[in-house]
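**Q** Counted from 1, the sequence shown has number 130 at position 139 by our numbering; the numbering is strictly sequential.
Any given hint could be a false lead.
Below are the PhoX-like pairs computed for lysine-lysine, each with C-alpha atoms no more than 25 Å apart in a straight line [as the list claims (entries may be wrong)]:
| id | residue 1 | residue 2 |
| --- | --- | --- |
| 1 | K120 | K105 |
| 2 | K169 | K54 |
| 3 | K51 | K133 |
| 4 | K105 | K133 |
These are calculated hints, taken from the structure and not from any lab test.
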Amino acid sequence: MEFPRCLIIVLILLFQFVAGNYLLGQTIAPGADLSAELGNRYFDAVDYLRRNTWMSDTLKKEKIQPAFAYGIVFPGLVKYSAIKDVMETGATRMLYVQSGRKYSHYEVGRFQMKPSFAELIERNVTRQKMTTQKFDLKNTSKARGERARRLDSQEWQLRYLVMFIRLMDKRFAHIKWKSEDDKLRFYATAFSVGFNRDERAIRRMMTTRSVLRRTSDAKSKYRSGDVAQWFYVNDGYRFMAEF
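Using the sequences plus the hints, can you model the full thing?
**A** In structure tokens:
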């Protein structure tokens, strides 16, 4: 039995359409349960936020929505490992303090912040007169040591997060967001890839055409913006504050 030629053409076109969409992928696959894929680390991260109510209280005093702020750092919370933090960052921290900025890209603490990120925050808020805090911005071991000690403090990591949000709000005030979780994906991506990048570069890192990291580890195969958005949509209500 022969198929009509037109039907064969339709089937070929349909196959190409479906295959093309599959290859392009989506930020989060339809129906995918990210919390199930990430496993205990996802639920441990949520539990950490629920137990540390002082962070929510601090954010509310700053007039920042805790659910939104937590979404930005949630990918870091999922990645965090206390044992790894102690074993791996100790040596790298020493190299950073003693040898300079080329060792400033290690991640530390619950929010997995880098010294290079913290220094960029400090320089921006100082230049734009957005803080009364006096930061030592010289490239000396003393200044680097002070920064490393700040990053060891969860209170300071939260302060850096507040400053990051303030800087992002000011720099990208012209953008009309489709929704709050659209804005969150942008902020979380900027937090991950570098908020000093321009809007176009950050959006490119958000899109489905961006290359995913090649790993079989479910904890790493999603972009930061994907994890942030999933948390905000599915668990953000736990931390939503009324202003």
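**Q** All hints, please: hold or fail.
**A** Each hint tested on the structure:
{"no.": "1", "hint": "K120 with K105", "verdict": "holds (22 Å)"}
{"no.": "2", "hint": "K169 with K54", "verdict": "holds (22 Å)"}
{"no.": "3", "hint": "K51 with K133", "verdict": "violated (33 Å)"}
{"no.": "4", "hint": "K105 with K133", "verdict": "holds (17 Å)"}
When each numbered hint is compared with the structure, a violation occurs for hint 3 only.
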